[in-house]
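Number of protein chains: 2
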Amino acid sequence: MYMLNFRAVLLLPATLLLAAPALHAEEGMWTFDNPPLKQLAEKYNFHPTQAWLDHLRLSSVRLNDGGSGSFVSPDGLLLTNHHVARGQLQKNSTAEHDYLRTGFYATTQAEEMKSPDLEVNVLVGMQNVTERVQGAAKRIADEAKALKAREAEIAAIEKESKDKTGLRSDVVSLYHGGEYWLYQYKAYTDVRLVFAPEEQAAFFGGDPDNFTYPRYDLDMALFRVYENGKPLHTANYLKWNAKGAQPGELIFISGNPGATSREDTIAQLVTERDVVEPAIIEYLQRRIAAAQQFAAQGPEQARLVGTTIFGLQNSLKVYQGRVEALADKAIIAKKQAAEDDFRKKVAANPAWQKEYGGAWDTIAHVEEQIRPEIKTQLFRRTDSQLFTVALQIVQYVAEIKRPDGDRLPGFHDAQLESLRFRMLSPARIYPATEKLYMTTALTLAQEKLGTQDAYVQAIVQGGDVGRTVDTLVDGTKLSDPAVRKELIDGGEAAVAASTDPMIEAARRVDPIVRETSRHLRDTISSVLTPASEKLAKARFLVYGKDVYPDATFTLRLSYGTVKGYPYNGTIAPPFTTFYGLFDRSASFSNKPPFDLTPKEAAALGKLDLSTPLDFVSTGDIIGGNSGSPVVNRTGELVGLIFDGNIESLAGDFVYDGQRNRAVAVHSAAMLEGLRKIYNADKLADELEGKQ
Amino acid sequence: MYMLNFRAVLLLPATLLLAAPALHAEEGMWTFDNPPLKQLAEKYNFHPTQAWLDHLRLSSVRLNDGGSGSFVSPDGLLLTNHHVARGQLQKNSTAEHDYLRTGFYATTQAEEMKSPDLEVNVLVGMQNVTERVQGAAKRIADEAKALKAREAEIAAIEKESKDKTGLRSDVVSLYHGGEYWLYQYKAYTDVRLVFAPEEQAAFFGGDPDNFTYPRYDLDMALFRVYENGKPLHTANYLKWNAKGAQPGELIFISGNPGATSREDTIAQLVTERDVVEPAIIEYLQRRIAAAQQFAAQGPEQARLVGTTIFGLQNSLKVYQGRVEALADKAIIAKKQAAEDDFRKKVAANPAWQKEYGGAWDTIAHVEEQIRPEIKTQLFRRTDSQLFTVALQIVQYVAEIKRPDGDRLPGFHDAQLESLRFRMLSPARIYPATEKLYMTTALTLAQEKLGTQDAYVQAIVQGGDVGRTVDTLVDGTKLSDPAVRKELIDGGEAAVAASTDPMIEAARRVDPIVRETSRHLRDTISSVLTPASEKLAKARFLVYGKDVYPDATFTLRLSYGTVKGYPYNGTIAPPFTTFYGLFDRSASFSNKPPFDLTPKEAAALGKLDLSTPLDFVSTGDIIGGNSGSPVVNRTGELVGLIFDGNIESLAGDFVYDGQRNRAVAVHSAAMLEGLRKIYNADKLADELEGKQ
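Note that the protein sequences, when read in sequence, are chains A and B. The numbering used here numbers the first residue of the first sequence as 180 and each following residue consecutively. The numbering used here numbers the first residue of the second sequence as 180 and each following residue consecutively.
Keep in mind that the hints were calculated from the coordinates and are not lab data. Keep in mind that the hints are not guaranteed to be accurate.
Since the list can't tell identical chains apart, any single copy or any two copies may satisfy a pair.
[Said to hold, decoys possible] Heads up, simulated DSSO-like pairs for lysine-lysine below, C-alpha to C-alpha not over 30 Å straight-line: (1) K422 with K770; (2) K770 with K222; (3) K343 with K324; (4) K778 with K422; (5) K742 with K341; (6) K554 with K861; (7) K656 with K614.
Full structure from sequences and hints, please.
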């Protein structure tokens, strides 16, 4: 599943990302200010108007759980993937009502089910603020001070915008410092579930089929966005095309790819390959094993950790794909050739060479410094929701008293509204899984970093992980959002006086985390940021501006063609059908993870089995694009991105138009499923505009 | 398709083959005198009786067109693949009646259609004649003379047996000279077609899907064997199991694998990789291009070359798989490690080292000699049926006058009956395709060997291929089998006096071919044969006799389990269903080669789509196994081998039980197809014993 890349949420030094010099056909995750008009005109004779682009952008939605979506009705219906919705589904489920297993359908608006902590964003404004951000540090020689000045300026821009417009305001670094943009978002936090199929229908084939194609998944969910307690009325929604994507058709994908490393320097790829990825894979395997052991205890235990196992297995498959890609000599040779070409072209111009030529070595030097520290950054973790919120509270009450520009990342004024929304989430936290995750994380931390590590010592009392975890989880009151609110409202005094064991642990950890953050900024980021900015500027000079920036979990436009590709010694088809769902299920004797749901089995006589189910296109996507709408030339919705094929896992580093494919649910399949499997004609009618 | 390996029919020096030292589970193509009883007992607790083995052997049939089959009714019904039968189907087709396109079904015995030149063999006797063959050369120091003495002894053994029993009698070299066996066959030449589906149903997915899985092919055909003008009545037939192969089930495959190179020395693999395979691939590509150009001229032209293109594309895919396998560093490392182990173990015993230790270097030396000559051996060819039979006639009349032991290979007394059957085939030969194939072959020969090459000069008059081919094909009368018979019966005088231009060309080529044959025997085979025999003996000493010999297109027993395998980032199922046929067809918008036949499309309402269609097992097979029966523990027919997966193409060199799979048609699918698609209930009843 094309979920937000796991790495993007790890506490790791940011990786330097640069845009690509020589583009392959249909490559690219383009910003809406710089769409690939030239390529579309030349290859497809297609000339989107500004209105076409604006409508698509304003119909696109970022789900801050880590995915994408789109408005698909004038009454705020929001289409995304089941696997993007599953976090909220899990939070709304109980032992009695397991909506992941049974699915959900609100036949009336009254039944629509509120998501506890889902914020969604629509990108309504974009302003280039590069000069202001870069100018703030221009005359400051000291690197650490320069970085600080730049961060203060970013915070100021965000705050000004937020104060003036009330919009969520994020300054985004694109082309790794080549440009800075202020992105203004309309944020919605009243997001209610309307429909989700059974997990098994959405995720047919399970972990084995994940990141592969041919596929037979109905990986869809529908929310409705509310504003002031009423369904959002909007003209910015995508018309549903009931015929759906056609083989050979030009399509567009509008969504939020999370992170790519296409322009990593070779030095950075070596860090990824040799240090980061082996460590993450080991970490993921350990967590999966522990969670599976827990799940084996019974159905309720299995339910509690289902979404966690899903996410971890998904990440593991991504990382295994990345490891294979970086072990592929052809890929490394390609990356090396690109870097050699870039360096040669910079060196050929004495002025460029003087200004930018040293950046590669600077980065290589920083990478050498980083490598031994990565293990510490990665394994200092608790994987506990309660501890995370405890630390947020401890830092929040301190940070908000400091000048905005001086605060830790994430605590700037413009960010506080979203942060408080998350900190005060009413979603239930289960002590059993808190203990499981925390025990696994701290045991691994002890093993990897030693019992003498400062972070480990600050949490684990007397070296006994089991007793520590029991004390913390059993003793804390932070499961109750009202307790969190009290502490937040009580400020520094209340937090300092708290005897909640989780807050006490967070207080002990806080200085260690701050010191790490300071160390990374002063010795790593302060050097990397200007070096990467130099490479970005050099790249614009050498290769021009007809390029796209690496992914940053902000809105991007991709384009491509619906078509198959060489696979397994033969060719994969452009789309699959419901016939294939029944074939693959019968081929495995209907055993999990290839079992049909009772509703699917019962629909056999009704379904038109030749209806396209899933399809592939050459559009360039990555984790975070899950739930992205696929639209045709007229801007109508023809599909719903939910995955990439196994070959696309190398897409983090390099795009291969021959074999890299985005996998989507076909718009015809969604209607067929709603009407024939789920008897949701009313909802299908709303999508088709037939009410 | 697992057709007889193309290389096996090329005029190339025989490759040295040795049996495997360390067997993987379910590896092996075992002779019926040495079945894998130990493995079956240990892994499956299965203990086949001698009667079980004899019944399976006597129910198994070799089709000398290059495939395998089995008796499946007491009235001589012979089950094989459509693609094994397709040569005879093509020969019986005309522009008006294209049985390849339309299929064929004889509703009465009177309609059963005689095959023009199909001989089938049943292995009724096996005798170990190693001592006699090896003894014949024991005291002869001169290598060339020793080889000749051995060949004379083999001819004598065959003639004695043939004279005594009337059976086809072949001495077979197993373990590359480690053992010699006299195989006695009951031969049948009255073989009539009863049923064949449309080519498109048998070969759904065409060249792209060939050698892949999942598959959806009904690759079956039924002949009936006649004796003395009446259906053969036999107790040696396989009972049809209507439920068919089950996932996880132990199965057996009895058939005639054509050739493997599992025990090639590294020196021999290098010859294959660097010289043989690139040349063959170029040759195949050239022939395919020429034939496709011809086919584009019209439907009748397409019909005429359809089977040729099929066979060439099949071979090309095999050779591309072999090239990939030999380019795979892991495979080469595995082969090198095996050879190193073998050499080390021989060297550890001074007596063995003295007797056998030099064989590897001897072979490596011979390989160096062979390499520059391979191009000549490969490209000296006409690909003309008429020229081939002309040369056979020229050689036949001369050879039969010589002492049996002195003759060219293929002309020994015991072989003459089969040879005459082929030479006098009434199958129609088309001048247009003769010209096409001959022009392609001779043009390529000129290009690769130069116009001064003796063989090229002997055929191509005045350097003009086009005119030469027109003169030969337009001028010859050899299309008429009566003319061939007249020349054969007229003997050397008639052949010498003939002014038929094809016979004249053959007379010019004959001395060149004889000289090549002599050269290869005296300088290559005379050294290779004893060296390979030494390695074979050493292998028995080092690894014992619990091994199987490389394939030799003689009857073998393989065993395995019905099960899927890791593929495409996920897992392939143990079987497919008719649902999958309709899925893959619809997924490609029913376009060739993924189109349903009208009969298949019409059967949609009648077919039980969940019926297993094709399935995979771990059984170890290779080209020539096409048409092999798959039987269960009780010896009942549960499937019909027709292909291997793409991963199995490395099986020529190494068996990988994790991913190597044999692909078969499921016995339930054959019944379902006969009854519901072809309305052939009568035939299905005969198979089920329901008459």
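Query raised in the report: Between copies, within a copy, both or neither: which fits K742 and K341 at Cα up to 30 Å?
Result: This pair counts as neither: shortest intra-copy Cα distance 43 Å, inter-copy 60 Å.
Query raised in the report: Is the C-alpha distance from K343 to K324 at most 30 Å within one copy, between copies, in both cases, or in neither?
Result: For K343 and K324, the Cα distance is within 30 Å only inside one copy (28 Å; across copies 104 Å).
Query raised in the report: Within a copy, between copies, both or neither: where do K554 and K861 come within 30 Å Cα-Cα?
Result: Cα proximity of K554 and K861: none, with 53 Å in one copy and 72 Å across.
Report task. Indicate which option fits the pair K778, K422 if close means a Cα-Cα distance not exceeding 30 Å: within, between, both or neither. Result -> Both: 24 Å inside a copy, 28 Å across copies.
**Report entry** Up to 30 Å CA-CA - K222 versus K770, copy category
**Finding:** Close across copies (25 Å), not inside one copy (45 Å); limit 30 Å.
Query raised in the report: How would you label the pair K656, K614 (within, between, both, or neither) given a Cα cut-off of 30 Å?
Result: For K656 and K614, the Cα distance is within 30 Å only inside one copy (15 Å; across copies 91 Å).
Report task. First find the shortest C-alpha distance between K422 and K770 inside one copy, then the shortest across copies, and answer within, between, both or neither for a cut-off of 30 Å. Result -> Classified as between; 19 Å across copies, 32 Å inside a copy.
The structure does not agree with the numbered hints 5 and 6 stated previously, though it agrees with the rest.
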